[in-house]
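Each chain is listed here by its residues.
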Amino acid sequence: MSTDKMFGEYGGQFVPESLMPAIEELTDAYERYVLDNEAGFVDEFQRRLADFGGRPLPLQHAESLSERYDTEVYLKREDLLHGGAHKLNNALGQVLLAKYMGKERIVAETGAGQHGTATAMAAAHLDMPCEIYMGETDIRRQRPNVFRMKINGAEITPVTTGRGTLKEAISETMRDWATTVETTHYVIGSVVGPAPFPRMVRDFQAVISEEAREQVQEKTGRLPDAVLACAGGGSNTMGAFHHFVDDEDVDLYAVEAGGSSLDVDEEAGVAPNSASLSTGEEGVLHGARTKLLQDSHGQIMESHSVSAGLDYAGVGPELAHLVDEDRVDAVNVDDDSALEAFHRLSQDEGVIPALETAHAFGYLEEHHDELGDLVIVNVSGRGDKDLETVLEETEKRDLDVAPDMSVLRAAAGSGGDL
Amino acid sequence: MSLERVFADEPAFVPYVAAGDPTYEESLEYVEALERGGADVIELGLPFSEPIAEGSTIQEAVVRSLEGGMTPDRYFEFVEDLDVAVPLVCMTYYNLIAQYTHPETGETGPRAFARRADEVGIEGFVVVDLPAEEAEPLRAACDEFGQDLVFIIAPTTKGERLERMQENVSGYVYVQARLGVTGARDDVSDQTEESLARVDDWDVPKAVGFGIKTGEHAERIVSAGADGIIVGSALVDIIAEGADPEVDQPFAETAQRLESKARELKEGALAGAERAAAERSD
Chain F
1 MSTDKMFGEY GGQFVPESLM PAIEELTDAY ERYVLDNEAG FVDEFQRRLA DFGGRPLPLQ
61 HAESLSERYD TEVYLKREDL LHGGAHKLNN ALGQVLLAKY MGKERIVAET GAGQHGTATA
121 MAAAHLDMPC EIYMGETDIR RQRPNVFRMK INGAEITPVT TGRGTLKEAI SETMRDWATT
181 VETTHYVIGS VVGPAPFPRM VRDFQAVISE EAREQVQEKT GRLPDAVLAC AGGGSNTMGA
241 FHHFVDDEDV DLYAVEAGGS SLDVDEEAGV APNSASLSTG EEGVLHGART KLLQDSHGQI
301 MESHSVSAGL DYAGVGPELA HLVDEDRVDA VNVDDDSALE AFHRLSQDEG VIPALETAHA
361 FGYLEEHHDE LGDLVIVNVS GRGDKDLETV LEETEKRDLD VAPDMSVLRA AAGSGGDL
Chain Y
419 MSLERVFADE PAFVPYVAAG DPTYEESLEY VEALERGGAD VIELGLPFSE PIAEGSTIQE
479 AVVRSLEGGM TPDRYFEFVE DLDVAVPLVC MTYYNLIAQY THPETGETGP RAFARRADEV
539 GIEGFVVVDL PAEEAEPLRA ACDEFGQDLV FIIAPTTKGE RLERMQENVS GYVYVQARLG
599 VTGARDDVSD QTEESLARVD DWDVPKAVGF GIKTGEHAER IVSAGADGII VGSALVDIIA
659 EGADPEVDQP FAETAQRLES KARELKEGAL AGAERAAAER SD
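Here the protein sequences line up with chains F and Y, keeping their order. 1 is the number of the first residue of the first sequence in our numbering; add one for each residue after it. 419 is the number of the first residue of the second sequence in our numbering; add one for each residue after it.
None of these hints come from the bench; they were simulated from the model. Some hints here could point you the wrong way.
[Said to hold, decoys possible] Calculated lysine-lysine pairs in the BS3-like style (CA-CA distance at most 25 Å, straight line):
1) LYS624(Y) / LYS576(Y)
2) LYS5(F) / LYS99(F)
3) LYS576(Y) / LYS5(F)
4) LYS99(F) / LYS576(Y)
5) LYS99(F) / LYS150(F)
These numbers come from a predicted model, not from an experiment.
Please model the complete structure; the sequences and the hints are all you need to start from.
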């Protein structure tokens, strides 16, 4: 086994045989085009990231938060990337790579819809037909992104198996890929899956930390004490961390979804969180050995997060490895803290973050005393897609920081449904 | 003794069902019915919660079995409770093997799994998401306990991968008749002959699966050169109908239908062998 398929003991290629030739073909394409810039792939990718994507993106000094925490807080504004989330970095890279490989069709899965939206946009931009698999639960809670995907010309296929979230959507997309592998490229949406996906997706996302590292030195003359990023599968996390990994004085915090509790109900096969780095065990899922939420028999558990984008039972193998090596701290905050942080950032900074991102700000609120004098938080995406969920979940709770929404209730006329 | 023996004299019929589908007790009856119908080897599924290579028929069988409380240890108990003489192959996904803890030794992983499987009489494994590149730990355990490790050859498998798998495979090679996931089809794939040609010089029996539904399909596949046929979804469809509360079919009737279907498939395979022999003698 070649070591470059692995991150320590994590990674590998655990897929049905029908997919292995496609994975070998992809590995070859990744090495030629992405690593060796054959045919000017990297130049075209960077040009399109700039012209279509809007890069570079700002590293914003967050004045209110800096005052609140008596710590200099900087925001890496991936929410300003075209489409509203860091996901376009990877989707554009993979759709372009698929074009270079001569593929004719794109499939992808999506949880929160951000990856699906980014893939649909990239496919429209590069004139490739695109089909997106999405759990029906997620279709309900992420309607705005479903509209956007459809408007960009993508086919949306609802996945009704299991609980209808990201885990099921990934399995269904793998089934499609196994059927159409000769003409189709599967744009995996995070640093997960069989090699070379985790490394390749990380490379496409590493532009985040490459820019942030330069920008923070330009603005402050130094490196940060800490970088915070939310972690579901881990693509914005690895993107935000990659160019800081060798800077041993920079602490890296992967903030997972603690959900409603860190306890699990093994009997029911349910984890009320999505904290696979913090609470999971090593196992094999969707093509890689990594940390998973699983029961003692190895069956995969249903996960939970108020944020659809973090609601996944696995995590990228490189991130699992960096946590084992004590290079990354795996931490988590619960649904309530994430919702509070969502409102606080919206009110204090005028930035409406994705609920995924809000987890990183929840951790900042709870632990700012321990993070040093200069902190970068990766704003992985914007929160427009989450507004309906936020309204619904805020109504269920007694959050001090939440705004009074009675004006909406009055407008609804009945005092009932918003 | 290798599973090759069952392919020696005549084409083998290799049915697949998920253990515990729809219930533990009914499933015991169904597996035994398949043997009565002419099964030569039974691929007995150990259900995994994320069956990415399966179509809807087997995926739903997996859900029924898991909801009935199937676990790896319960699976081994199931095998002990079965009253069948034909060899059994465990078909599953790798995470269940990687996580397995032997109840007596406390050992974890492929060796523990293979050991427990050996204790209950399982003779081989098909691990759907374990390509030859990742198979070394299980291959070593199989060698230690005298079990076969069966690999699936897909229509996309070519070149060096074929050679690597030829070196690793034992018992029989599972020739996937078409791209995609499992599921009964109304026609057999014309890729079959091409797929068989690629493994023609392998010295293990070639069993073709994916999409075989009828005795006529079985006949065509065997006459095209297969040493055996693997049938899952067409059988699981019968179990699913029996499990449907709206159908209200006594399970003895479902068992009878399975036995009949098995007989049809086995007879189709035998007819295919006769046809091939006749064509050779022409």
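Comparing the hints with the structure gives:
no. : hint                  : result
1   : LYS624(Y) / LYS576(Y) : 16 Å, holds
2   : LYS5(F) / LYS99(F)    : 24 Å, holds
3   : LYS576(Y) / LYS5(F)   : 21 Å, holds
4   : LYS99(F) / LYS576(Y)  : 23 Å, holds
5   : LYS99(F) / LYS150(F)  : 21 Å, holds
This entry satisfies every hint, going by the numbered hints stated previously.
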